[in-house]
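Given chain A, put chain B in place with the hints provided.
Protein chains: 2
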Amino acid sequence: MKQNRIFNFNAGPAALPTPVLEEIQKSFLDLAGSGMSVTEISHRSKIFDDIINKAMERVKRLLNLKDNFKVLFIQGGASLQFSMAPMNFLSGDKTADYINTGTWATKAIAQAQSLKKNINIAASSEDKKFSYIPKQFNFSENPAYLHITSNNTIKGTQWNKFPDAGDIPMIADMSSDIMSRVIDTKKFGLIYAGAQKNIGPSGVCLAIIREDMLSQIPDNLPSLLDYSVYAEKKSLYNTPPCFGIYVIGLVLKWLEESIGGVEKMEEINRKKADILYNLIDSGEFYKGTAQKDSRSKMNVTFRLPNEELEQKFIAEALQNDLGGLKGHRTVGGCRASIYNAATIEAVETLASFMKEFERNNG
Amino acid sequence: MKQNRIFNFNAGPAALPTPVLEEIQKSFLDLAGSGMSVTEISHRSKIFDDIINKAMERVKRLLNLKDNFKVLFIQGGASLQFSMAPMNFLSGDKTADYINTGTWATKAIAQAQSLKKNINIAASSEDKKFSYIPKQFNFSENPAYLHITSNNTIKGTQWNKFPDAGDIPMIADMSSDIMSRVIDTKKFGLIYAGAQKNIGPSGVCLAIIREDMLSQIPDNLPSLLDYSVYAEKKSLYNTPPCFGIYVIGLVLKWLEESIGGVEKMEEINRKKADILYNLIDSGEFYKGTAQKDSRSKMNVTFRLPNEELEQKFIAEALQNDLGGLKGHRTVGGCRASIYNAATIEAVETLASFMKEFERNNG
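Chains as they are written, first to last, in my numbering: chain A, 59 to 420; chain B, 59 to 420.
Some clues are possibly wrong.
Only some residues are given here: those of chain A computed to face chain B with a beta carbon under 8 Å [stated by the list, open to error]:
(1) Pro71
(2) Pro77
(3) Glu81
(4) Ile82
(5) Leu87
(6) Asp88
(7) Gly135
(8) Leu138
(9) Ser141
(10) Ala223
(11) Ser273
(12) Ile275
(13) Pro276
(14) Glu374
(15) Asn378
Here are a few chain A residues that sit away from chain B, every Cβ distance over 12 Å (derived from the structure) [to be verified]:
(16) Asp185
(17) Glu199
(18) Pro363
(19) Gly420
Derived by calculation from the structure, the hints in this document are not laboratory data.
Predicted, not measured: the structure shown is a model, and the values here were computed from it.
The beta-carbon is built from N, C-alpha and C at its ideal position, and this holds for glycine as well.
Bound-form chain A, shown alone (with noise of 0.2 Å):
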């Protein structure tokens, strides 16, 4: 750990690169010799142009994306995805199939819901708090998409093996785990990604789209809601966050040539996981709050055997510079989230704090 920093493991904004940060910082004032700061170069310009190109070849590369894919930035994150892509994508008489598997999802369906859109929810694991990945669907006939949250932050699950909906496009909020994993992408019409857990900063979220999904998009729909209006304007129809899209270009160009690219990636976020969960598992004082087969590589939930503990746990850990570890507001216990830039050093930092406490409380 770098002098003043601590191991951060906040669900989101979450950690960055501490070199990238670095970068960032050096650049401030004066980027590219522009004499000028990224936050007041023009979106028009030669610097900029190259951020944004740049970021988007690196989204390509780094996802194995054929040219039939379009990469769009686009603002107001995940949420204001979950009312664009029913308002692209799902026409009065068709319906789309949902899959709910926790709060975002939930939150997908209910913004769906609210355009007065037809929604068939193909399976849920609310019974059991979502605490699993469903195995059962029950499509519908002919749906527009099937939409499926990748990871789920708050109640700590994955899909480890994305659904087979066949030839229907699937559309993916894939916010927690973007670029942490090598996916298949064909299967997917839109990815799209609030990019403040794995690959940037909050403000800007990552969109993925296949072309052919373009041509379903009806006329005079409000230029900023209309996915076609990014694909052809490059993300530039009007001034974009351009801080976030400079971040993100940086984030992914450590992902690149400092980590090697998202299967060395995903090597090692296997690695951090299997760190605490084979630790949770090793005896009686944590436990994991997810169904085994169904944990997330990236926010390992866990309980302490009473809230009190937690407490202590918590604070204790951040009087160790272990920051983050509050599980979410509405679930309460502890999570680990273990993001991209959350190091294995930091990692293991933590789980030997974990077995200390143990050892002094258990």
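Just chain B now, kept in the frame of chain A:
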């Protein structure tokens, strides 16, 4: 000018106060002793709560807002506001009045019309290429609101006196002159402003809404497009653009504590504009493009005797560390954007260069 910094006359994203950039840089890896970057802290944390609350309070103090106004931070820029305003405040049976003073007003009108809303153009200066602010209005009977664009960045015009719409709520796009002058906010039902000109980086839009407007909002709007959701959740319904809000807070702190408030800022802005307009009016070499009574104190637009000289002017200016002087691509010519963060020193340096350029090329 500080080492490695240029005088930046960009139209937006635009210059930010150098002391603000320096503070961001200094704290970038460790915000307020948290051991985390501002990009890494939770939007539900105490630190961020302080940041957003203080930013809201500063907006209220600086604009002398009564308690019946709510301060909101929204993503999507002014361009999304072009759609949100009619979606929230223009029901099917009503008409809204719009005054068309240039490119951005035209876009606001087009977005409202694409929603199949009833729009009345109460006035337009399109007949003279938007080079003036209209004085005659053709208001409709009992409109839902009157929409204006307070400053027109591309044409270099500005409302020096707002139209009198009686009790009709005014909605104003103040993206390019918010906080640059004292305004009487009482008449406004909604003021919105993309941050990237006068108050912060791109990616966050300030909205100021009068409470009585909130009751008019229809049910079942997408949550991210519903002003009442922002008002109720204090702009924390979902993860906000934390970095942008943080920078706005610092810029407003600078405006309040270093400059001394909006009245003082207005004086400085008047001085800056006078320096350039006096120079332009002193001879035949430079010609202002806006009618004198409609001139903007934020965007000084002018032409040189021919386009060749304009190109030479822009290039030589940049060699002298004076950047961003090219007019908007749709109109050509030259433009000096002198928002709040442009210093008198910057404007005087530009004026000296302009005089010298005239001597050498006139």
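Which of the listed hints are broken here?
-> Violated hints (numbers, rising): 2, 3, 10, 11, 12, 13, 14, 15; every other hint is consistent with the structure.
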